[in-house]
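Undergrad: Each residue of the sequence shown is one higher than the one before, counting from 616 in our numbering.
Source of the hints: derived by calculation from the structure; they are not laboratory data.
Computed Cβ-Cβ distance ranges for the label pairs, DEER-style: (1) 642 - 890: 31 to 37 Å; (2) 937 - 639: 27 to 33 Å; (3) 640 - 831: 39 to 45 Å; (4) 887 - 845: 22 to 28 Å; (5) 663 - 933: 30 to 36 Å; (6) 762 - 684: 41 to 47 Å; (7) 845 - 806: 24 to 30 Å.
Treat the numbers as computed from the prediction; the structure is a model and nothing was measured. All C-beta atoms, glycine included, are put in the ideal place defined by N, C-alpha and C.
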Amino acid sequence: MSRRLRVVQWTTGKTGSAAVRGMVGHPVLDLVGCYAFSADKVGRDVGELCGIEPIGVTATDDIDALLALEPDCVSYMAYRPNFDHLERILESGANVVSTMYMMAGFGYGEQATHRLRDACLRGGSSLYASGVYPGHAPMVAVAASAMCSRIERLSILESLDISGYANEQMFRAQGFDLDPDDPAAREACEASCGSFKDQIPVLAKALGVQIDNVGFRVEFATANQDTDFGYMTLKKGRIAGFKGTVSGDRDGRSLIECSFVWKLGEDMTPNWPVTHGYVIELDGVPGVRVRLEPQGDHLDGTVTTAMPAVNAIPQVCAAPPGIVNLQELPLVRGAHQFRP
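Using the sequences provided together with the hints, build the complete structure.
TA: Next up, the structure:
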């Protein structure tokens, strides 16, 4: 890099805090500001909010003040998107990286997508949405495809016990603790897979394959007894796990699959095994299998979700205006992360 890049962090929830910790001391990125969603965070040091030592950056809800800092990029990690905020950011010329993958496609509706794209073009800015999956695991899958002379099917599986994430709001929105016979259960699960639905056409474009339909299927596992996780309770007989697939189909055949096994704990029926990570499989010549398994003390998913977006900031700042996806960027990598 010819110069350091100025970054504003947008919110300091679980994933946003991981992003801040990944930027502090970074040799290329300077964290210069932070947007506080909650009034009780305004005026507090961002390091304190993110569980580290003070870093001399104060959180604020003053958007004008943050944009006046002239950030090169905003790391946008709100729980839900505020399109008025995003439009202002992109129109100002600041690029955006986000872990809200549905902003990469049409998951929030065509009107929202066109609004963001137009804001990028007016501001000369770029918007990139990522995470570990969707996002980085599919990028690894595309890289692995270079080993094949013929591909018949690509599948990517996320298989996790997510009970350690402690996010009742998200889990209930996905359909956990609903009756498996409740029609709302399938609807909630499918709605929570919007980011996978947006990932399918990105993978199809990157691999040069045509699809004519995006399908969805899911199975439920139910809790064997009432289970208290501290932040929420699952009742016996209610949904405790999902096993599903979002597929890119052509002529009735599944070509690209984004699959998942999400479980809250282990005491359920059926009790599907989990790989505690990501498995990429390419059926073809030759067949290829890649396993991504996070190790160490940070297994709640926040670091692996945040850092594919943070590590993409230099490439996104250099990208052409508009919404960019994995095929428009050089391979996102952990450059500059060899640090003491």
